[in-house]
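Position 111 (the sequence shown) corresponds to 111 in full-length UniProt numbering; numbering is contiguous.
FYI, nobody ran anything at the bench for these hints, they're computed from the structure. Since the structure is predicted, the reported quantities are computational estimates derived from the model, not experimental observations. Treat the hints loosely; a few may be bogus.
Stated by the list, open to error - What follows is a set of in silico ranges between Cβ atoms, one per label pair, in the way DEER data are often shown:
#, residue 1, residue 2, range
1, L146, I104, 23 to 33 Å
2, V15, D170, 37 to 47 Å
3, T106, R129, 31 to 41 Å
4, D170, W142, 11 to 21 Å
5, N202, V15, 16 to 26 Å
Positions of the beta carbon are idealized from the N, C-alpha and C atoms, including for glycine.
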Amino acid sequence: MLQDTFNLMPLWAFVAACGVTLVAGFVKGAIGFAMPLVMISGLSIFLDPLVAVAGIVLPIVMSNLLQVMRFSWAEARAALREFWRYIAVICVMILIAAQFVTMIPTQTFYLVLGVPVVILSLIQLVGVRFHISPAWRRPSEWIVGLISGTIGGLTGTWGPPTVLYLIALDTPKAKQMLVQGVVYGLGSVTLFLGHLQSGVLNGVTAPWSAALLIPAFLGMRLGFWMSDRMNPVLFRRATLVVLVVAGVNLVRRGLMG
């Protein structure tokens, strides 16, 4: 079984994957999201999409646990109580959508991931701001949660819709980081369970995903350190530019093969 894991990719690809994961962890630690986006966008350049999806599962569980641990249990519980409907919809849709990921053709997979990455990143990059009034709070939880969970189950990333949703609610920065950690943390556990069921995460791919925990952890620690020292607005814009470029490349591969 372990020999099969070694045969998933050549050594150079594994080293490159560790580099991509280190960068993804750094971005996650610095701005609180985008780890799955960076990993999938980067890993899919030289790995099979399903191998890439399997690789991100354990690192995102660990990274979100680290993010939540920066806050107190009382704060995390309050965030869970306030956003439980949104979290519940995401988790249910992740479980459902994850079962279809092995049925999606490779080029379609690239488009399913690339198009939302480009659109959502451009929305944030150009500074478009939405506002959700209290009267629309509950309907928006169901609608955005449905979209986020479906994308998350198919591609392993549901960060951008969540970020846009929290911004539209005028969520303060510190609380936004906390809520992101809670939403992503519970969602990543659901993704883990979903891909155990789908077969994407198995005895061959699980050790590969576990190996990426080390660069992910190191990247997170560097990101936490940098987040207190770098202009977050400038860094987020640079990150979004990278995501747009990566997303356009995925769309290109989906359209042209």
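Verification of the supplied hints:
no.	hint	result
1	L146 - I104: 23 to 33 Å	violated, 18 Å
2	V15 - D170: 37 to 47 Å	holds, 43 Å
3	T106 - R129: 31 to 41 Å	holds, 36 Å
4	D170 - W142: 11 to 21 Å	holds, 20 Å
5	N202 - V15: 16 to 26 Å	holds, 23 Å
In summary, the one numbered hint that this structure violates is 1.
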